[in-house]
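Asks: One-letter residues, chain by chain:
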Amino acid sequence: MTLNAWLPVFALMTSLVAALVIFALPEKGYRLRTAVNLGAALVKLGLVVVMVWGVFRGVDYGVSFTMVPGVAFALKADALSMMFATLSAVLWLLTTVYAVGYLEDSPNRSRFFGFFSLCVASTMGIALAGNLFTFFLFYEMLTLSTYPLVVHRGTEKALKAGRTYLIYTLTGGAVLLLAIAWLHGVEGDLPFREGGHFIDADADIHLSLILIFILLVAGLGVKAAVFPLHGWLPQAMVAPAPVSALLHAVAVVKAGAFGIVRVVYNIYGIEASSLLGVLEPLAWLAAFTMLYGSVRALSQVALKRLLAFSTVSQVSYIILGVCLFGPVGAAGGLVHLLHQGIMKITLFFCAGNYAETLGIHRIDDMDGAGRRMPGTSLAFTIGAFGMIGVPPLAGFITKWTLGSGALAANMDWVIAVLVLSSLLNAAYFLPIVHRLWFREPNGSWPRERRWGRLETNAWLFWPPLLTAVMTVVVGVLASLPFSPLSWAELIVLREYSP
Amino acid sequence: MTAPLLYALVGAMLCGIGLFGLLRLSHLLRKLLAFNIMGSGVFLVMVGLPQHQGGQDPVPQALVLTGIVVAIAATALAIVLIRRYYHLSGMTSLEGETTSREGGPE
Amino acid sequence: MTLWLMAGLLFTPLAWAVLTLLTDFARGRLVTWGGILVQVLVSLGLWLTVARDGGFYYGLGGWDAPLGIELRVDGLAVTFVLLTAVVASACGWHAGIYIDPDKPWHRYFWPLFWFLWSGLNAVWLGDDLFNLYVGLELISLSAVGLVALGGKASALRASLRYLLAALLGSLAYLLGVALMYGQFGTLSIAGIASWLTEHPVPAGSGLALALMIAGLALKTALFPLHQWLPPAHGIAKSPVSALLSALVVKASFYIAARLWLELGEPLGNLVSAQLVGLLGSAAVVWGSWLACRQLQLKQVVAYSSVAQIGYLFLLFPLTYSVSESVSLQAQQGITLQVISHALAKAAMFLAAGNLILSVGSSRVDALAGVSRFLPFSLFSFGLAGVSLMSLPPSGGFAAKWLLLQASLESGQWWWVLVLLVGGLLSAAYVFRIFRASFLESPESDQFYHPARSLEVIPMILALLALGLGLVSEQVLSVMALPFEVEGSP
Amino acid sequence: MMCPESVLVLLAVCLPLLYPAMALRAEGARAMRYVMPVLPLPALMLALGAEPGWQLELPWLLNGGLWAMDELRRLFLLLTAVLWTVAGIYAVGYLGDHHRRRFCVFWGLTLAGNLGLTVAVDVGSFYSFFALMTFAGYGLVVHEGTDEATYAGRVYLVMAVLGEMAILAGLLLASAAADSQLLTDLPAAVASASQRDLIIALLVAGFGVKAGLPLLHFWLPLAHPVAPTPASAVLSGAMIKAGLLGWLVTLPFGETALPGWGALMIVAGAVAAIGAAVLGVCQRIPKAVLAYSSISQMGLMVLMVGAAMADPGRAPVLFSVIALYALHHGLAKGSLFLSAGVSLPAGIMRRAAVWLLIALPGLSLAGLPFTSGALAKLAMKEGLSEDPLDFALAGYLSPLMTAGAVATLLLVLRYLWTLGGKLENRRNPPMLAAGWLASVGVSLVAFWWMPWEVEGLVKSPVWLPAPYQLWALVWPMLIAVALAGLTLLVARLVKQR
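Chains as they are written, first to last, in our numbering: chain A, 1 to 498; chain B, 499 to 604; chain C, 605 to 1093; chain D, 1094 to 1590.
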């Protein structure tokens, strides 16, 4: 096998090996652990960049071998997988930096970073999976590796949240497994392929295909937090901030959304899905989730829970985009995969900063925090505006593209949903922004800590600012080559003309 | 009724008696004896049943011999364990706390 | 060469047993560790031979059946021989460190261990029904002895229950053998099968098969005949529990499976096949449910064995009157399940032993805080749990996948539900342990740290169980190796 | 190679956009306020110096950016730049210590948005700048931090967000119909789109929030008075015109006759012009009176917009009239707002001079001959004169305009009246005074040298109305004065009772 075939494996192994090394390191080995963490993240980013360039030029990366009789373990890098892989590689780097600062003097750091790396390895695997079976493999690995992160604090509340998380995700996994096995029984091993497999499926298997699709979406929808399968997400907020950030922006919810993208595009094929009539109901469901998540977010008092419900709402943008039949809408959905990640991670970083530096967990306590922590608050503001879809930030690009796509697909009602959702977003984000900048602080902060010159620990300070800058840049420079939008258009181009 | 069938039926009867004893008796030594009776029944079936095919079959003889050895070993082990159990707990049966040991929460 | 290998498999363990019987614990340990090395090499040698040349029949000492002992050396058997070597050597290694050498009765551990090993090899390789019985008895008696090594009254009680159940099972099996021989005049399974292809099925021979399988089911602890298992496995020393759960119960299942696969088609019927499957499903659900409710760590693991054994019995419905490919899938799935459960459960028991050693209590709620202190063992436990939950990429997952495929393709979709629900329930009890250990309780800082090697062993086994899924194709391909029906070399 | 206009336009937008970065360092933050007057200068140079017609392509920006300038945009840019400059000068003297840095940051951002949206031709950047202006404007509105300010801010924000969303939906639909990302392609596409009425409704409502269309105006009388005075000036003078500009560049003027929409807009304009005046004269706070005056004036412009919609043939002429009117109103209203913050110096002569300078832009609004207002009013009369217009409501336009003129002067008088009770006697800070004087000067004098072009109207240096025009301008003013006097008399009588 050539080096090309092995590149995806290497990309996967970097974080896997890092995980094992970190598990083996003693708790006290702070410097070494940080070095391993950051080194692995950088190496992986490098590998991903190489592969992005390769995929752009049309190089085929892939490796495959039979794992269980009749099913292959396949890794493959196509444009879609590179999109997700890039997201996870970039955000992993930042989150690692952030987590190093965040967990500065808390116990169980070896365990934390070990599972953290495992989690990213799983995400990478999900990105690079070449068929549904391999996808499922990493999907479940993700469930397992995130559980210790969710319950990391070891409090009763954390453990309860972890339990809810497991009940949801493992059940989802079981449903997904059923669907995959059934599909396998119907058609055999199906690699992800541009254009899908079922464009000329026999009429007599249509019913099975529809049922399988429902099962697949149900299984994936748990992680994607589609209503009514979203219940675990707000509870999982007890996890440390970097974990929430990663869960929301990259790993878990995205894995679900990415899976749905894969199923619709590379298993069923967009045209076949459309013919089967499964897209429209899914679009309605996604639209409903968008609104539902926002409405629930309105009444939250804890910042992280609010962000969680916002995620519920935002991830459904991706799904909605996938369901819009036509290249523009598809690009909108795909690009949101990245945009939502960047924006949401910014917000979570900021939430973490407020909690770590000032002890702020509730929205009422945020009054005037903008003066004490201008950098963080600026990042938060940008993230929040991005979520609302204010131009020229990332969220606007998504909304615009989705809206155009919906019009092209003659689904005009989507515009109303988009507008309504943006309004709701504004309704819960703008008051927070107002508090940050225009209210006077009410007395002292709940629990303030100080670090030197910067408003907070430097490890915590820079990641949100960087992601905020990215939020602006991917929006403003959306038309440059290799911007998320251009990349999404490339994927769609390949998808619609396989 | 042919001789082989008679043997087999008697063997089956012994088996039944042994089984009944094994399940219903509570004293461990009695259980052990019941086991032995059941074993004898099985051996009887084993040597008795195959003879209808004409002449003496050496194979069952050999099997039963081996079986008896095994049964002796098992009995010996059981006796050792029962004795030790009696020494430690002063009980001669397994009843008592047993029901609470398995199944539901303790 | 083959002669030496066969001798090495069946008789050297007996020799080690006698040797260790004569010495004390510490010397027995030395002998055993040397013996383990030999046994592993021999097992590997046989496996390689078969992998190269294919399987064969082997008449021991030149004597042929029916009076002599004839061995059937095929891919499946050598796989299990190798599995036994791996698990048993891990347990032996672990036990050497784990078991307290100062208690005088502990010196009997080694001979019993070796008797068990030779019995296992005899079962994997045995071809005629009676030799299987002898092997089975050898296993049972030494297993009972091992359980009794716990020394306490409760251990003896458990071992006596175990003994009685095992003996009853053996007798039922033996009665079946007697009936079979009376009917067919042969003890070879293949012989009976070929007789049946030429003659009409005699009335009542189904009863013989039912008796044998019922006896074996009792020894395998199929629901509702499982009550003897949890106390025995729960109370034994951890390495013993590992051996029992990983290998001993598999031996009786192995015989039952071989009987069913050869004779099930002519002698069995649909109702009984479904009934056995149903009992297996009940075992999965009930065992898992009880595992969730146990307060003792090892009881949790023991009940998990009850549940996992339930999966094995899905073999019966999934191979009865189905197409060739479905049957093959089911067999492959069950094989993987046996192997992965053996590895995973051994790892789990050993890790549980470490945890108990560390916190000084066997209660689940005593584990609070242990995740900080003993992460390595806990991680092994977790990895083993992954396989039990049949999540990818473990061997358990590969097994489940194959069984799912078989169920779906044969149209018996109800087993699908069992498989999925079983997976979820097993997650429930595994994560219950994790939940307990992740809890940060303020007073939990009195921990004893077990030796490093004790922690490494379960990790190796767990990783094997986990990695099995990735290489299951290769593992299964050994099973499909050509088999020479005629004679010995 | 980049032409000088491109450099200038980039500078014009980026300078205020990057200006908040000064706040990062303490020294920069202290110097920030002195930079404020400089920020709009590149834009001013661009508006005055460069001939319209250049364009700058920014293919990497959003969905492909294009910035350009035509006659219409030039006037709006000019108005924006001038007003922000004088307000900037004024602000240097006006600002206290209260959150000064924050005010400067939002000032810069709002300015960047306001300037950017006038030069943006592609939908993406137009909407971006519009949103930037809207949201940064919030910072100016709530700056004082009082309860009223917070309340006003909330209303402002709610309305603004609703407006933004209407605009988003409208632009999306329009751009999908046009299959283009350029504003210039939208009107034609909207005119022939199947969802024409929906798109127009969305755009009218969306921009109408900014422009203070009746029923969408609630935020305006709340927000303009509570904002710091320089901010009120730009809010009322420049930013309110952004809504107008939005209409002009997106709605299908000159493409097709939309009598229904035209009628609706005319009614809305009339309601705004008269209704706002009625409400305005009841106000006690000077700046609130001015805010209602802005609504009223915008109402007059809405009249013209309605007429342009109804009669595609007149649209080009009306466009230049609207632009002229916007320019005039922006400068005069800016000056009036700034005057709300001046203090009366000692000395009777000086006081009289100050009062005169306060009153003149107001009278200019009302159409005092020889002022920009007279020119604008006449141009409007010309543009809306009955003969060339061809739709149902055309006949009502003339009386409406007259009523509007009466209303305007009444409001101005009311403003002067309320102001009289409020002005303090002390020295003005020099920069504040300079800013205010500059605004008066710009409104009264510099206007004549500005590059407006309206068909049929004589340009600078000095424009003399014909006698009949003079009378047409003056008699509504006389009515207004008479009304005001009457009211005063009645009030006195009531008080004596």
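By construction, these hints were calculated from the structure, which means they are not laboratory data.
Treat the hints with care, since some could be wrong.
With beta-carbon atoms standing in for the labels, derived distance ranges [unchecked claim]:
no., chain 1, residue 1, chain 2, residue 2, range
1, B, L507, A, G185, 45 to 55 Å
2, A, R31, D, T1277, 56 to 66 Å
3, C, L1067, D, E1150, 57 to 67 Å
4, D, A1124, A, E448, 25 to 35 Å
EDC-like, lysine to aspartate or glutamate: derived pairs with alpha carbons at most 20 Å apart [said to hold, decoys possible]:
no., chain 1, residue 1, chain 2, residue 2
5, C, K756, B, D555
6, D, K1515, D, E1237
7, A, K160, C, D969
8, C, K707, C, D628
9, A, K157, C, E1044
10, A, K160, C, D706
11, C, K756, C, E802
12, A, K157, C, D706
From a predicted model like this one, the values you see are computed outputs, not experimental measurements.
Backbone N, C-alpha and C define an ideal beta-carbon position, used for all residues, glycine too.
Asks: Are the hints correct? Go through all of them and say.
Replies: Status of each hint after checking the structure:
Distance hint check for L507 of chain B and G185 of chain A: the Cβ-Cβ separation is about 51 Å, which falls inside the suggested range of 45 to 55 Å. For the pair R31 of chain A and T1277 of chain D, the beta carbons lie near 60 Å from each other, so the given range of 56 to 66 Å is met. Separation of L1067 of chain C from E1150 of chain D is about 59 Å and conforms to the stated range, judged on CB atoms against 57 to 67 Å. The hint said 25 to 35 Å for the Cβ distance between A1124 of chain D and E448 of chain A, and at roughly 30 Å that hint holds.
In summary, the hint linking K756 of chain C to D555 of chain B is not supported, as the alpha carbons are separated by about 47 Å, beyond the 20 Å threshold. Restraint check for K1515 of chain D and E1237 of chain D: satisfied, since their Cα atoms lie roughly 19 Å apart, inside the 20 Å limit. Distance hint between K160 of chain A and D969 of chain C is fulfilled; the C-alpha atoms sit about 16 Å from each other, no more than 20 Å. Proximity of K707 of chain C to D628 of chain C is assessed by CA-CA distance (about 11 Å); at most 20 Å being required, the pair is judged to hold.
The hinted pair formed by K157 of chain A and E1044 of chain C meets the criterion: a straight-line CA distance of about 12 Å does not exceed 20 Å. The hinted pair formed by K160 of chain A and D706 of chain C fails the criterion: a straight-line CA distance of about 44 Å is larger than 20 Å. A threshold of 20 Å between alpha carbons decides the hint, and for K756 of chain C with E802 of chain C the separation of about 55 Å lies outside it, so the pair is violated. Note on K157 of chain A and D706 of chain C: the hinted pairing is violated, with a Cα-Cα distance of about 45 Å set against a maximum of 20 Å.
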